[in-house]
Amino acid sequence: MRRRPWMDNAVNMLILPAELLCAITSHLSNRDIKNVRLTNKPLRSSSILRFDRAFLSPSYKNIEVLRAIAAHPEFGNQVKELVYDDARFVKYTIWRDGEVLHELEDERRPMNEFLSKCEENLNQVGGDVAGLVRARTGADPKPDEVLMEFDDNVALYQQLYEEQQEIIGQGLDIIALRDALLAFPALKKVTLTSEAHQLGIHAPRYPTPLIRSFPPSFNYPAPWPWCGRFDDFNAISLKPWVEAKNCWRGFSLVLKELAHCERRIPAFTIDVNWNHTGIAHQFLVGRPPELVNLEKVCENLERLGLAINIGRNDTFNGFRHLASGPLRRALSKAIRLRRFSLHTSAHAREIKAFGDTMADDFVNSLRCIPLEIWPNLSHLTLSHFLVLSENLLGFLCQLPPGITSLTFVDIKVLDMQWSEILEQFKTRLHYKGKKPHITIAQWQEAASRKVWMRSEVARFLDGGDNPFVISPSGNEIRRGFGTVRDDFDESFEEPWGLDKRMHM
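Reminder that position 287 of the sequence shown reads as 287 in the working numbering, one-by-one numbering, no gaps.
If you are wondering where the hints come from, they were derived from the structure by calculation, not from laboratory data.
As the structure is a computational prediction, the values presented were derived from the model and not from experiment.
Honestly, I wouldn't trust all of these hints.
Stated by the list, open to error - Cross-link-like lysine-lysine pairs, in silico, DSS-like; alpha carbons within 25 Å at most:
id, residue 1, residue 2
1, 256, 296
2, 188, 296
3, 256, 333
4, 41, 61
5, 80, 188
6, 245, 296
7, 256, 189
8, 61, 188
9, 80, 245
10, 189, 296
11, 117, 189
12, 189, 80
13, 117, 91
14, 91, 188
15, 188, 256
16, 256, 239
17, 245, 91
18, 142, 188
19, 61, 256
20, 91, 239
21, 80, 239
22, 245, 142
23, 256, 245
24, 80, 256
25, 189, 61
26, 296, 333
27, 333, 189
Said to hold, decoys possible - Pair ranges (Cβ atoms, derived):
id, residue 1, residue 2, range
28, 454, 372, 43 to 51 Å
29, 242, 446, 34 to 42 Å
30, 28, 60, 38 to 46 Å
31, 465, 242, 24 to 32 Å
32, 266, 28, 49 to 57 Å
We put the CB at the ideal spot given by N, CA and C, even for glycine.
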């Protein structure tokens, strides 16, 4: 057989020292590393799979893989982050004619909704099942590959739902979580999310072992993030926490296990990927177990990221609960904190103005953040807040001297435009040390895309042009300033074009 040039290159690679081969393969994805390990024994020993993150959910597959990693003498020592996926499958059933669905009072969903969700999935990938296979695998279906039909999808989904309910009933994921917190010596962070299947089943945000085990042609409704199918959060936002908390089961159990864990885990984050969701604000009323456990967890934290669903767009009651005191008391326990982010579910672009009629305790929700107790804070992120200019500026004047970065994502200043706010930053904010890096992100026409500005803000504060201009229709970013990024597609990036404008 005629030798190809790449064959000589492959042989020459084996001449390299093992340490150099390890360094080269460390830049590959786990998928590519698996392929390299199949080549020969030397490359297998030099290509080490990375298991810096492990997953858990009420799924036999995820629990099985988690325990296998923990038991492995090499892989178990690599895990630095544990992700609990709180997106749950729901029960679909045939709806009888005339039967009424009472949304959250009834956990069942009609089968025609299953069908419509599957059709939406296919529309995202070209309209057919073959497109779904291509989106997942990067290749056309094999000639002899049997593609799943609708009944096959329903049967597999129902099996997943039944297994999930069985695990929840027996508390098997709770036991696995308790064991995992002690099993990984390098564990530094616990992440809670319901975004694993988002933006779609063809491109999940977190490819958990369960999701990776699905047949390429499996079509199913992606579980919604925490009650996300109700756009304005109507029914659940009116219930007390004790009645609503089952929708956030993962939040309750993760906090409980962290609060009673024998070891210190320095980071806890709720990841919603800037989505308009989060933990129901009702847990901030009174002293439910979750709030008590959050206080205990905060005592050990150096990094904390919270996401709060603040309720309906016409009332935003959750902002009042943020400002009322319980969350501040919990955060005051985090005296070691270095990095903090707080996200709310507010659709800031839908809020035009409330003016002077809005109560102070409504807009001054920033008072829940006890800056004076966090002398070591270096990174602060605020996302989807409604504020008055004096509340924001007064808050920022209290920043500790060691702050190195500030990030503002979709912040709605009710009485001032961002061009004016930046002018105030220049004249009113004074730093004892080096100026922090300030990043501002504003939504674009596409729901998942934002214009991000960092260097543009820095240049303005050093005497350059303001990246914002005054506009009668609201905040407007100057042409040619900023970079457009997509929340779900990390590869997407383009300059904010000269022929485009963005309004808020």
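Subject >> Numbers of unmet hints, in rising order >> reply: Structure breaks hints 4, 9, 11, 14, 18, 21, 22, 28, 30, 31, 32.
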